[in-house]
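As you go down the protein sequences, you meet chains R and X in turn. If you use numbering that gives the first Met the number 0, the first sequence closes out at 250, no skipped numbers anywhere. If you use numbering that gives the first Met the number 0, the second sequence closes out at 426, no skipped numbers anywhere.
Keep in mind the hints are simulated off the structure, nothing from the lab. Backbone N, C-alpha and C define an ideal beta-carbon position, used for all residues, glycine too. Don't take every hint at face value.
DSS-like cross-link-like pairs, simulated, lysine-lysine; straight-line CA separation at most 27 Å [unchecked claim]: (1) R/K64 - X/K389; (2) X/K34 - X/K134; (3) R/K117 - X/K394; (4) X/K123 - X/K133; (5) X/K394 - R/K99; (6) X/K420 - R/K99.
Sample of chain X residues at the chain R side, in silico, Cβ under 7 Å [as the list claims (entries may be wrong)]: (7) A378; (8) Y381; (9) A399; (10) D403.
With beta-carbon atoms standing in for the labels, derived distance ranges [what the hints assert, rightly or not]: (11) R/A116 - X/N173: 42 to 52 Å; (12) X/T62 - R/E51: 50 to 60 Å; (13) R/A25 - X/E82: 57 to 67 Å; (14) R/Y203 - X/Q373: 31 to 41 Å; (15) X/K390 - R/P90: 18 to 28 Å; (16) X/G372 - R/N35: 23 to 33 Å; (17) X/G372 - R/P113: 32 to 42 Å; (18) X/L40 - R/I10: 54 to 64 Å; (19) R/Q111 - X/N334: 47 to 57 Å; (20) R/A116 - X/D418: 13 to 23 Å; (21) X/K390 - R/H202: 33 to 43 Å.
What follows is each chain in one-letter form.
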Amino acid sequence: MIKINNLHASIDGKEILKGINLEVKAGEVHAIMGPNGSGKSTLSSVLAGREEFEVTEGSVEFDGKDLLDLSPEDRAREGLFLAFQYPVEIPGVSNINFLKTAINEKRAYLNQEPVSAKEFLGMVKEKSALVELDSKLANRSVNEGFSGGEKKRNEIFQMAMLSPKLSILDETDSGLDIDALRIVANGVNKLKSPNNATIVITHYQRLLDYIVPDFVHVLYNGKIVKSGGKELAIELEEKGYDWIKSENVEL
Amino acid sequence: MTTAELTKKDTFLAALSPLQFNEDSYFEGLRNNAKNELAELDFPTSKTEYWKYTRLGKIVNNTYTLGQPDKIDITNFLIPNLEAHVLVVINGYYSPELSNFTEIDGVTLTSLSAAKKQGFEGLKKHFNQFTQDKKEIFLALNNAFHTDGIYLEVAKNNNVEKPYHILNITTGNNTISQSRNLFIGNVGSQVKIIESFINVGGEKNFNNHVSEFFVAENTHLEYNKIQDKKENNFSIATEQVYQEANSNFTINTATFNGALVRNNLNIEVDASNCETNLNGLYLGKNKDHIDNHTVVDHKKPHCNSNEVYRGVLDDESTGVFNGKVFVRQDAQITNAFQQNNNILLSDNATANSKPELEIYADDVKCSHGSTTGQIDEEAIFYLQSRGISKKGALKLMINAFAKDALERISIETLHEYIDAKIEEELS
Ligand SMILES: Nc1ncnc2c1ncn2[C@@H]1O[C@H](COP(=O)(O)OP(=O)(O)O)[C@@H](O)[C@H]1O
Ligand SMILES: [Mg+2]
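Using the sequences plus the hints, can you model the full thing?
This is the structure in C-alpha cells:
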C-alpha cells in the first residue's frame, strides 16, 4: 500500500525527518510511537502534502504512484486520509457541505457519478452513528465550537465518509476520556478491511488495547529506532521513553 | 490654489443649471437654500478627513451630460421568483411604463415629483428634514438638483407583505443622475424595500443618490441595497435615517462592482428601545474602490445596534470602511456592536478600516473590531487534505465569509439571489 524509503524532510532549513523507512501492506495496522517532538506529526504532514515541509531526500510510493508528486487533494482522492492531531476550525463552512464537495471532487477524479442527495444523507446517518456524532454537529461549521473529543470524532466521521485506503491517525486518542476513546477505536475497527490499512500515531499504549496493531514502530529524533510486534508497545509503556532515549544517545 | 477646484465645481454646476423644476414655492425654497449652501462648499480634497481614503478625481474631473428619461428592457434585472412591486427610475426619472405595481390600501406610492405636486402632508413634514445644512457637497447637490425618485408612505399599523423593488438605473455615457427617495413608515407599520443600482451599457456615469427614511414608533423597516455597476461607473449614495421609539431599522448593502462607490449611511436613533441593524458586503475586483462610511447616533437609552461589514478584495481593488458609533450621555443601557472584516486576495488589494466609538454614557455595552487578512492557510490545507482542490477550498471559505455578512436579509428569494451572485462574482 505505502512504501516510505529513506525519507528526509526539513522546515526552515532544520532537518526533522532523518531517513524514515516504512512499508505498510493492505489489511495491516501499524502503530508509530515516540516522545513529543520526535517527528510523528511531521511525518503525517509530509505524507498528506503540507507544503511548508521540504522533502530533501527519499521517496514514497503509494499504491504504485509517486505520492510526493501529487497535490494534497490528489493524495486524498487516491485514498490517503489524515486525521489531524489538531483539527482546524473553519467558521461558516458547513461540515456536511464540505464533505459533499470533497466526496464529489473525489468521485469526479475517479470518473464516477456524483453522489445523489439520498445516498449522501444515508451515508451521513450511518457514519455519524458509527462514531456517535450528534447529527447537529454534522450540520454545524467545521469543528467550530466543538469540544476536543467532538473534533476527534469528527475526524473519524470524515474518514468513514471518504472510505480511504490508508488512514493516518495522528494522536486521535490524546485528550479523550475512556468512553470517547472506545467510541473512536470502535469506529476505526469497524472501518477496517483487508483492502485498507491504518497507521496509528500515539503516545500511549492505552489506545492499542482497542486498536490492536500488527506492528509497532518507535520514532525518535526523526528516525525509526525500533520496530516490533504489539508487545513492543507494552514494553515501552513499562520502561518509558527514557529507555529509548538512553539507547540512542548518539543521535 | 483653490481656483482650479472652484472651476471644477463651476463646471459641475453649469452642467446642472439647465434643469427646470416646476415646483411650488415651498420646494423651490428648499432648492434655493441648497444652492446657497453650495456657494459655500467645495469638492473635498485629500485634506478633508471625511474623504481621506477616497479620491474623487474620477468623478469631479469628468464632464457630464444630464440624464434623460430612457426606456430599456429590465427583465434581466428582476430577481427570480421574487413577488414584488417593481418601480423603475432611469437616469433620475421615474418610469411609469416600466414600473409594475398594484395600489394597496394604506400605502401611498408615487414618484417624488408627483408627491410634491399633490403636496402630501407626510412629504412636507419629512422631506429634506434630515439632509439640510450637513455641509456635504454631494448632499447639497442632490438637495438642489435632484430630479425624481420614489415616494413611499405606509399608513399607521399597516403591514405590507409584498416587498417593493426599485430599479435605479443609469444609461448612456457621462450621464449624471441625481435620484431621490423618501420612505415613511408611520406608527406600527412594516415594510420591506429592495433597491438595485444598475448601469446599462456605457461608462463614466455618475449617480448621486439620496434616500431619506422616517421610521416612526414601533415601525419595522428593512432596506436592501444592491450595487452592481459593471464597467467604469461612479456612485455616491447617502441614506439619512431617523428612528423613533421601539422601531426597528435594518439595512443590508451588497456591493458587487463599481469603479468608485461611496456610501454615506447616517442613522439617528432618537428614542428608546430601538433596534438598528446595518450590514454590508463588498466584493472588489480590478481597480474598484468601495467606501462605506456609517454613523449610528444613539441619543436615547435602551437601544441596540449591530453592524457587520465584510469585504473581499481582489486585484488592485480598495475597500474603505469607516464606522462611527456615538453613544450620547442620555443613551444609557446601549448595546452597540460593530465589526469590519476584510480578506485580501491579492498583494495589491488594500483595505482601510476605521471603526470608531464615541461614548459619553457610562452604563453601556459596546464593542468594535476590525480584521484584515489573508485566507487561513491551515484551513485551506485541511480542506485540500479531504480531496477538495485549492481553488474549491478558497471558494468555500470566501463564500462562507461573505454570506455571513448578509444573514439579516429576511426575503428568502433575495437571499438566494445574492448568494448566487456571490458565487458568480467569486468564481
Ligand atoms: N512548522 C514548524 N516550524 C518549525 N519547526 C517545527 C514545525 N513543526 C514541527 N517542528 C519541529 O519539528 C520537530 C518534530 O515535531 P512534530 O513532528 O510535531 O513532533 P511529534 O508529533 O512527534 O510530537 C519538533 O522539534 C518541532 O519543534
Ligand atoms: Mg504530533
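These are the hints, each one checked on the structure:
{"no.": "1", "hint": "R/K64 - X/K389", "result": "holds (21 Å)"}
{"no.": "2", "hint": "X/K34 - X/K134", "result": "holds (12 Å)"}
{"no.": "3", "hint": "R/K117 - X/K394", "result": "holds (25 Å)"}
{"no.": "4", "hint": "X/K123 - X/K133", "result": "holds (19 Å)"}
{"no.": "5", "hint": "X/K394 - R/K99", "result": "holds (14 Å)"}
{"no.": "6", "hint": "X/K420 - R/K99", "result": "holds (22 Å)"}
{"no.": "7", "hint": "A378", "result": "holds (5 Å)"}
{"no.": "8", "hint": "Y381", "result": "holds (4 Å)"}
{"no.": "9", "hint": "A399", "result": "holds (3 Å)"}
{"no.": "10", "hint": "D403", "result": "holds (5 Å)"}
{"no.": "11", "hint": "R/A116 - X/N173: 42 to 52 Å", "result": "holds (51 Å)"}
{"no.": "12", "hint": "X/T62 - R/E51: 50 to 60 Å", "result": "holds (54 Å)"}
{"no.": "13", "hint": "R/A25 - X/E82: 57 to 67 Å", "result": "holds (59 Å)"}
{"no.": "14", "hint": "R/Y203 - X/Q373: 31 to 41 Å", "result": "holds (37 Å)"}
{"no.": "15", "hint": "X/K390 - R/P90: 18 to 28 Å", "result": "holds (20 Å)"}
{"no.": "16", "hint": "X/G372 - R/N35: 23 to 33 Å", "result": "holds (30 Å)"}
{"no.": "17", "hint": "X/G372 - R/P113: 32 to 42 Å", "result": "holds (33 Å)"}
{"no.": "18", "hint": "X/L40 - R/I10: 54 to 64 Å", "result": "holds (59 Å)"}
{"no.": "19", "hint": "R/Q111 - X/N334: 47 to 57 Å", "result": "holds (52 Å)"}
{"no.": "20", "hint": "R/A116 - X/D418: 13 to 23 Å", "result": "holds (19 Å)"}
{"no.": "21", "hint": "X/K390 - R/H202: 33 to 43 Å", "result": "holds (37 Å)"}
Of the numbered hints given earlier, the model fails none.
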